[in-house]
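Visitor: Here are the chains, one letter per residue:
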Amino acid sequence: MKPVTEETVELKLPSRLASIDEAAAGVTDAARRLGFPDDALYGVELAVREAVTNAVLHGNRRDESVPVEVGVADAGSEMVVTVRDRGEGFDPGSVADPTSEENLLKSSGRGILFMRTFMDDVRWERHPAGGTVVRMTKKK
Amino acid sequence: MKPVTEETVELKLPSRLASIDEAAAGVTDAARRLGFPDDALYGVELAVREAVTNAVLHGNRRDESVPVEVGVADAGSEMVVTVRDRGEGFDPGSVADPTSEENLLKSSGRGILFMRTFMDDVRWERHPAGGTVVRMTKKK
Amino acid sequence: MAELNIRERQAGDVTILDMDGKITIGEGSVSLRGAIRRLIEEGKKKILLNLSGVGYVDSSGIGELVSSYTTTSSKGGQLKLLNLTQKIQDLLAITKLLTVFDVYDDEASALNSFK
Amino acid sequence: MAELNIRERQAGDVTILDMDGKITIGEGSVSLRGAIRRLIEEGKKKILLNLSGVGYVDSSGIGELVSSYTTTSSKGGQLKLLNLTQKIQDLLAITKLLTVFDVYDDEASALNSFK
Ligand SMILES: Nc1ncnc2c1ncn2[C@@H]1O[C@H](COP(=O)(O)OP(=O)(O)O)[C@@H](O)[C@H]1O
Ligand SMILES: Nc1ncnc2c1ncn2[C@@H]1O[C@H](COP(=O)(O)OP(=O)(O)O)[C@@H](O)[C@H]1O
Chain G
1 MKPVTEETVE LKLPSRLASI DEAAAGVTDA ARRLGFPDDA LYGVELAVRE AVTNAVLHGN
61 RRDESVPVEV GVADAGSEMV VTVRDRGEGF DPGSVADPTS EENLLKSSGR GILFMRTFMD
121 DVRWERHPAG GTVVRMTKKK
Chain P
1 MKPVTEETVE LKLPSRLASI DEAAAGVTDA ARRLGFPDDA LYGVELAVRE AVTNAVLHGN
61 RRDESVPVEV GVADAGSEMV VTVRDRGEGF DPGSVADPTS EENLLKSSGR GILFMRTFMD
121 DVRWERHPAG GTVVRMTKKK
Chain U
1 MAELNIRERQ AGDVTILDMD GKITIGEGSV SLRGAIRRLI EEGKKKILLN LSGVGYVDSS
61 GIGELVSSYT TTSSKGGQLK LLNLTQKIQD LLAITKLLTV FDVYDDEASA LNSFK
Chain V
1 MAELNIRERQ AGDVTILDMD GKITIGEGSV SLRGAIRRLI EEGKKKILLN LSGVGYVDSS
61 GIGELVSSYT TTSSKGGQLK LLNLTQKIQD LLAITKLLTV FDVYDDEASA LNSFK
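Chains as they are written, first to last, in this note's numbering: chain G, 1 to 140; chain P, 1 to 140; chain U, 1 to 115; chain V, 1 to 115.
There's no promise every hint is true.
[Stated by the list, open to error] Heads up, simulated BS3-like pairs for lysine-lysine below, C-alpha to C-alpha not over 25 Å straight-line: (1) U/80 to U/44; (2) G/12 to P/106; (3) V/80 to V/96; (4) G/106 to V/87; (5) V/96 to G/138; (6) P/138 to U/87; (7) P/12 to G/140; (8) P/139 to U/80; (9) P/106 to U/75; (10) P/138 to U/75; (11) V/96 to G/106; (12) V/22 to V/115; (13) G/12 to P/138; (14) G/138 to P/139; (15) U/46 to P/106; (16) V/87 to G/140; (17) G/12 to V/80; (18) U/45 to P/106; (19) U/96 to P/106; (20) U/87 to P/139; (21) U/80 to U/115; (22) U/22 to U/115; (23) G/12 to P/140.
[Claimed, not checked] Covered stretches of chain P (in silico footprint by chain U; criterion: 3 or more residues with CB under 8 Å from a CB of chain U, positions within the stretch not fixed): (24) 75 to 83; (25) 91 to 105; (26) 111 to 119.
[Said to hold, decoys possible] Quick look at which bits of chain G chain V covers, simulated, 3 or more residues with Cβ under 8 Å: (27) 47 to 56; (28) 78 to 85; (29) 97 to 104.
If you are wondering where the hints come from, they were derived from the structure by calculation, not from laboratory data.
Just so you know, even glycine gets a beta-carbon here, dropped at the ideal spot from N, CA and C.
So that you can see chain G by itself, here it is in the shape it has in the complex (with noise of 0.2 Å):
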C-alpha cells in the first residue's frame, strides 16, 4: 500500500523582520485548522517568532535576497514546524543558559529558551541543500 500524502504547509520569505509577522500568523493559521486550541496558538506562535527572528538576524543576516522557509506538516498526533534559513548555523550546546545568575541582565539570548519552553521538542540540524534547520514539535 502507497503512504498518504502527509499534509503540509510551506512559506517562503524575505529575510527582513515583516517576515516574523507573516511567519507567525501563517504557522498559527495552519495549526488553528489543524485543531490546535487558542491557548496552545499563544506558545506556537512564540516560538515561531523566536525561530524566524534567528533565521533572518543571525542565519540569514537580513540579506532580503535569501528565503526564510518555514514548514509545517502534520504528523497525526504533533504537528512538526520547521524553519530553514541559509546560514552556517551554530551549537546549540555552547549557547549560553540566559537563566543562569551572570546572564540575568542581558538584553538577548533568551529566544530559543522560549523555543523550548513552548514546544514539545526542538533541534537544530544542517539541511542538506545547505543552510540551517530548527525542527520544532508541539503534540496536539
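With chain G fixed as given, assemble chains P, U and V with the ligands onto it according to the hints.
Guide: Same frame as chain G, now just chains P, U and V with the ligands:
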C-alpha cells in the same frame, strides 16, 4: 541588486475530498493576510475549491498517495494561486460551455466557469516535472 | 455537525425541505440527493427547497440542485426554490439557471404556485 | 496604528508610562527604548511601566525591559513594573526575571515603593 525573495505559501495535500476544505481554508487565510477584503475572499475560496476538486477527481483520481500542491504567491499588485496535480491534463478549449442551452440541465461541468468568474485570469500549464498546473490570478 | 441539515415539513401536498449548511462536494451534495430520492420514492412530488440557511454552494452543489430538479420533473413532479441568498442567486445567474428554476422569495407565493 | 503606544503621566516625581500594544522585535522594542532614553535625558529617573495594555512580548521585548531596567539603574534611577498580564508574568518567570524586577499590581503601592 539581488531581487527580494517573493512571499509564497505552499500546501501539500493528499488527493481526497477532505483536502478541498483544507486548501480552501489555507488559501483564504493567506489571501486575508495579503489584505484581500472579506467579499473578495468568497470568490477566491470558491475558485480554489473548484480547482482542487478537479485536481483530486480528474487529475489524481483520488489516489491519496499522490499529492495536490497548492501555491499562493504575493506578486505585489496581485495574488497568484496555483494548483498542481499529477494527471495527464486536458484541453481547456474543448470543454463544453455549461451555459449553452443543451448543457443547462447537466449535473456537472460548471467548475471552470466559477474559476473564470471569480479570478481575473485562469490558465493551465504542464508542470516541467509532470502533471497539470492551473494558475489563477486575482488583482488586489 | 453535519455539513447540511435538512428538515422536512408538509404544507398541503407540498413538501418543504428547510436546509441549513453547505451544499458542496461530498457530504452536502450527497445529503440533498438522498433526501430527494426518498421523497420521490414516497410519492411526494411537489417539492420546495428552502435555501435560506444555505450559506455556501459550489459547482457540485449547483449540479445537485439541477439533478434534483431533473429527477423530480422526470417523475412528473415539480421542484422549486425558496429564499436564495445573494450568493446562490449570483451563481444561478452566472450559470444561466435562473431561467430554469422557479424561484420564490416568500413561502406563500411559492406554495400557491404549485396549485 | 503603531505597534506600541506609550502615554506619559506624572505622579509626584514618578513618571508612569502607560503602554498599549506589543513589545516585539522592531518597532515595539524601539519605541520603548526611545521613551526610556528620553526620560533619562530629561532627568526623570523614577519610572513605572504600566504593562496592562501590553498583550504580546517576545524575547526581544523581554530584553528591552531588561535594558530599560539596567539603563535606569546605571543612572541612579529606579524602574518598576505595574500590571503584568498573565502571559508576561509567565515569561518573566521562565526567564527568572521576576526576582530582578520590582513588580506591582496596584498603582498606589507601586508609587509608594518609590518613596
Ligand atoms: N538560526 C541560527 N543561525 C545561527 N545562529 C543562531 C541561530 N539561532 C540561534 N543562533 C545563535 O544562538 C544564540 C542564542 O539565540 P537566542 O536564544 O534566540 O537569543 P538571541 O537571538 O536573542 O541571541 C544567538 O545569539 C545566535 O548566536
Ligand atoms: N486538473 C484537471 N485534470 C484533468 N481534467 C480536468 C482538470 N480540470 C478540469 N478537467 C476537465 O474539464 C472538465 C470540466 O471541468 P469543470 O468545469 O470543473 O466541471 P466538472 O469538474 O464538474 O466536470 C472536467 O470534467 C474534466 O474533464
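Visitor: Hints broken by the structure, by number, lowest first?
Guide: 2, 8, 10, 12, 14, 17, 22, 24 and 28
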